[in-house]
Amino acid sequence: NAGVTQTPKFRVLKTGQSMTLLCAQDMNHEYMYWYRQDPGMGLRLIHYSVGEGTTAKGEVPDGYNVSRLKKQNFLLGLESAAPSQTSVYFCASRMSSAGELFFGEGSRLTVL
Amino acid sequence: GEDVEQSLFLSVREGDSSVINCTYTDSSSTYLYWYKQEPGAGLQLLTYIFSNMDMKQDQRLTVLLNKKDKHLSLRIADTQTGDSAIYFCAESLGPSGTYKYIFGTGTRLKVLA
Chain A
5 NAGVTQTPKF RVLKTGQSMT LLCAQDMNHE YMYWYRQDPG MGLRLIHYSV GEGTTAKGEV
65 PDGYNVSRLK KQNFLLGLES AAPSQTSVYF CASRMSSAGE LFFGEGSRLT VL
Chain B
115 GEDVEQSLFL SVREGDSSVI NCTYTDSSST YLYWYKQEPG AGLQLLTYIF SNMDMKQDQR
175 LTVLLNKKDK HLSLRIADTQ TGDSAIYFCA ESLGPSGTYK YIFGTGTRLK VLA
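Order-wise, the sequence lines are chains A and B. Letter 59 of the first sequence, counting from 1, is numbered 63 in the working numbering, and no numbers are missing. Letter 16 of the second sequence, counting from 1, is numbered 130 in the working numbering, and no numbers are missing.
Because the hints were derived from the structure by calculation, they are not lab data. The structure displayed is predicted, hence computed values, not measured ones. Any given hint could turn out to be false.
Below, a list of computed lysine-lysine pairs in the PhoX-like style, where the Cα atoms sit at most 25 angstroms apart [to be verified]:
{"no.": "1", "chain 1": "B", "residue 1": "K214", "chain 2": "A", "residue 2": "K61"}
{"no.": "2", "chain 1": "A", "residue 1": "K61", "chain 2": "A", "residue 2": "K13"}
{"no.": "3", "chain 1": "B", "residue 1": "K214", "chain 2": "A", "residue 2": "K75"}
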C-alpha cells in the first residue's frame with residue numbers, strides 16, 4: 005500500500021525559480037492538505053481541498069498555488085521561490101471531514 | 115479564530131509519566147487529536163477524542179479534555195526511550211470551520227535513560 009506519496013523528496017532552488025510538489029494518494033480520499041513545518045512553528049496549513057476541482061486557502065497561502073484536477077493528486081506550486089519558503093512540506097489526506105490524517109514522508113525544499 | 119498552542123519542550127526520566135498540554139481556541143472542533151512525529155518522518159495518529167468526551171484511555175495513553183477551558187492533555191504512563199518524538203495536538207473543524215485541520219506547535223519529548 006503506497007498511501008500518500010510526495011515527490012520530490014529533496015530539492016534545492018535558487019531565488020526566483022519555480023517548482024511544483026506533487027502529492028498522490030491511492031486511498032480514494034476526498035480531503036487533501038498541504039502543510040509546511042518550520043522549527044518552533046509546528047505545522048502550518050498552506051492550502052487544502054475538500055474534493056476534486058476545489059481548493060481553499062489555509063493559514064499561510066501567500067506565494068503558493070495549488071490544483072486538484074484529479075481526486076488522487078494535489079499539486080503545490082511555487083511560482084517565484086523565496087528563501088522564506090525554505091521548509092519541509094507535508095501533504096496529508098483523509099476520507100471524511102472527521103477522520104484521521106494520513107501523511108506523506110515530507111519534501112525538504114531549500115531556496116538559496 | 116483557530117489557534118492551537120503547546121509548550122515546545124518536555125524532558126522526563128524513563129519510567130516516569132509524561133504530560134503534554136495543549137490549548138485551543140475554536141469551540142466548534144468536533145474531534146481533537148494527538149499525533150506523533152519521529153525524526154525524518156511524517157506524522158502518525160496516536161489517539162483522538164470526540165469533543166463531547168472528558169477522557170479517553172488507550173493502553174499507556176490517557177487523553178483528558180476540559181472543554182470549558184479548551185484544554186487538552188496527553189499523559190503517557192511508564193515513558194520509554196522509544197517515546198522520544200515530537201507530539202502534536204490538532205483540531206478538526208467542521209463545516210463552520212470550512213473543514214480545516216489545525217495543528218499546534220508541537221512538543222518535543224526527550225526521555226532520559
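Against the structure, the hints:
Under the criterion of a C-alpha separation no larger than 25 angstroms, the hint pairing K214(B) with K61(A) is consistent with the structure, at around 9 angstroms. Between K61(A) and K13(A) the CA atoms are separated by roughly 24 angstroms; this keeps the pair inside 25 angstroms, and the hint holds. Among the hinted pairs, K214(B) with K75(A) is consistent with the structure: their alpha-carbon atoms are about 18 angstroms apart, no more than 25 angstroms.
The earlier numbered hints are all upheld by this structure, with none contradicted.
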